[in-house]
Amino acid sequence: MMDFIVNNFNYFIYVLLMMVGLYAMMAKKNLVKKLIGMNIFQWSIILFFVSTGAKLGGTIPIIDASRELTANQYINPLPHVLMLTAIVVGVGTTGVSLALLLSIFRRFKTLDEDEIVRKLR
Amino acid sequence: MKLFYLLMVTITGLWLCYGVIEMPRWGSPNSPASVHVSPRYIEQSMAETEVPNMVTAVLADYRSYDTFGETTVVFTAAICCLLILSATRGRKES
Amino acid sequence: MITSQESIIIKTLSRFLIPFIQLFGLYVIMHGHSSPGGGFQGGVILGASFILLVISFGYDEVKKRFSKRNVMLLTCAGVVLYGAIGVVCQLLGGNFLDYAVLPISQPRSMGMLGIEIGVGLTVMAVMVSIFRDLLTY
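Protein chains in written order, with numbering that gives the first Met the number 0: chain A, 0 to 120; chain B, 0 to 93; chain C, 0 to 136.
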C-alpha cells in the first residue's frame, strides 16, 4: 500500500488539487472564490497532462546533436503543445469571467451567491 | 450542508484514486501516451519540418489548423470582454 | 482605476526594465524554432511588459497609446496574418497552411516564423485589451 502511494505520488497530488478546486467551486458562496476554485481545478488537469509526457532519461524536446534521435531520448512533445494552448485559453476564460463578475457586481452590488439569487426572484 | 459537499468531494477523490491503480508509473517510457504518435514526431520532425524544436514543429506545422482555432478563441475572448463591459456600462448610465 | 503613486523607485526601475523585458519577448518569439519559446510565450511576455508600464506609471499617462482602436487593430492583425499565410499557401497550389510551396529558402521554417509572429501579436494585444477593459470599467 505504501509502495503504491510512493510510486504514484504525482497522481495523488493532482487528485488532491482537484478536490480543493471542486470543494471551492461547490461550497464557497463568493463568486470570485468559485472562480479561483475553477482555476485550481484547471491547473490540476494541466499538471496531470504535462506529467504524462515525462520519460526517465529523456531530455527536453529540442533536438540535441549529441544524442541519438530515438523516442526514448526525448520526452513526449505532444502534451506540452496541448497544454501550451490550454494555458493561454485559460487566461482568456478567466478574463471573460472576471468581466462577467464585474458586470454582476455593478448590477447587484454584491458577489454573494445567495443574495444574488434572492434579488433575482 | 458543508459536510455534504465534503462527502461528495471525498467520494470523487477516492474514485479517482481508484483510477490511479491502472495508470503507468511516472517517467515510464512505455506509457500509452508515449507510444502511439509521439515517436513519429520525435524521429521525423527534423527531416520533415526543418526546425529543431519539436514543440514548435507540432504546434505550427502538424497541428497548425488547431493553433489557428486557438488563436481565434483567444481573439474571441478579447471581443467578449470588450462587449460585456461596454454593454453593462451603457445600461448603468442610461 | 489605477493612478500614479509617484514612487521614484518603481518608476525608475520599470523604466529601466521594460525595454529589456520587451527585447526578451521578441527574442522568445524569433527563436521559437531552435530554443524554448514561441508565439504564445513571447506574446505573454510582451503583454506583461505593457501591463507593468500601466501599473507603474498610471493609466492616464499611457492612455493615448492604449486606445481601443489601436489594441483591436493589433489583435485583428495577428489573426489576419495567420490566416493570410494559410491562404497564400492555398493560392500557390498547396493545402491550407502547407508551407512547402512558399517561394523562399527554407519555406517551412519561415512559414512557421510568420504564424508565430501572428500568434504573438494576437496574444500580446489580447492581454493588453483584457487588462485595459477591466481597468477602465
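Hints were generated in silico from the structure; no laboratory data involved. Glycine included, C-beta positions come from ideal geometry on N, C-alpha and C. Please note: incorrect hints may appear among the correct ones.
Unchecked claim - Here are the simulated lysine-lysine pairs, BS3-like style, with alpha carbons at most 25 Å apart:
#1 B:Lys1 / A:Lys32
#2 A:Lys28 / B:Lys1
#3 A:Lys27 / B:Lys1
#4 B:Lys1 / A:Lys33
#5 A:Lys118 / B:Lys1
Stated by the list, open to error - Pair ranges (Cβ atoms, derived):
#6 A:Asp111 / B:Met7: 19 to 27 Å
#7 A:Glu67 / C:Lys63: 38 to 46 Å
#8 A:Leu68 / B:Pro31: 20 to 28 Å
Status of the hints after comparison with the structure:
| no. | hint | in the structure |
| --- | --- | --- |
| 1 | B:Lys1 / A:Lys32 | holds (15 Å) |
| 2 | A:Lys28 / B:Lys1 | holds (11 Å) |
| 3 | A:Lys27 / B:Lys1 | holds (9 Å) |
| 4 | B:Lys1 / A:Lys33 | holds (15 Å) |
| 5 | A:Lys118 / B:Lys1 | holds (23 Å) |
| 6 | A:Asp111 / B:Met7: 19 to 27 Å | holds (22 Å) |
| 7 | A:Glu67 / C:Lys63: 38 to 46 Å | violated (56 Å) |
| 8 | A:Leu68 / B:Pro31: 20 to 28 Å | holds (22 Å) |
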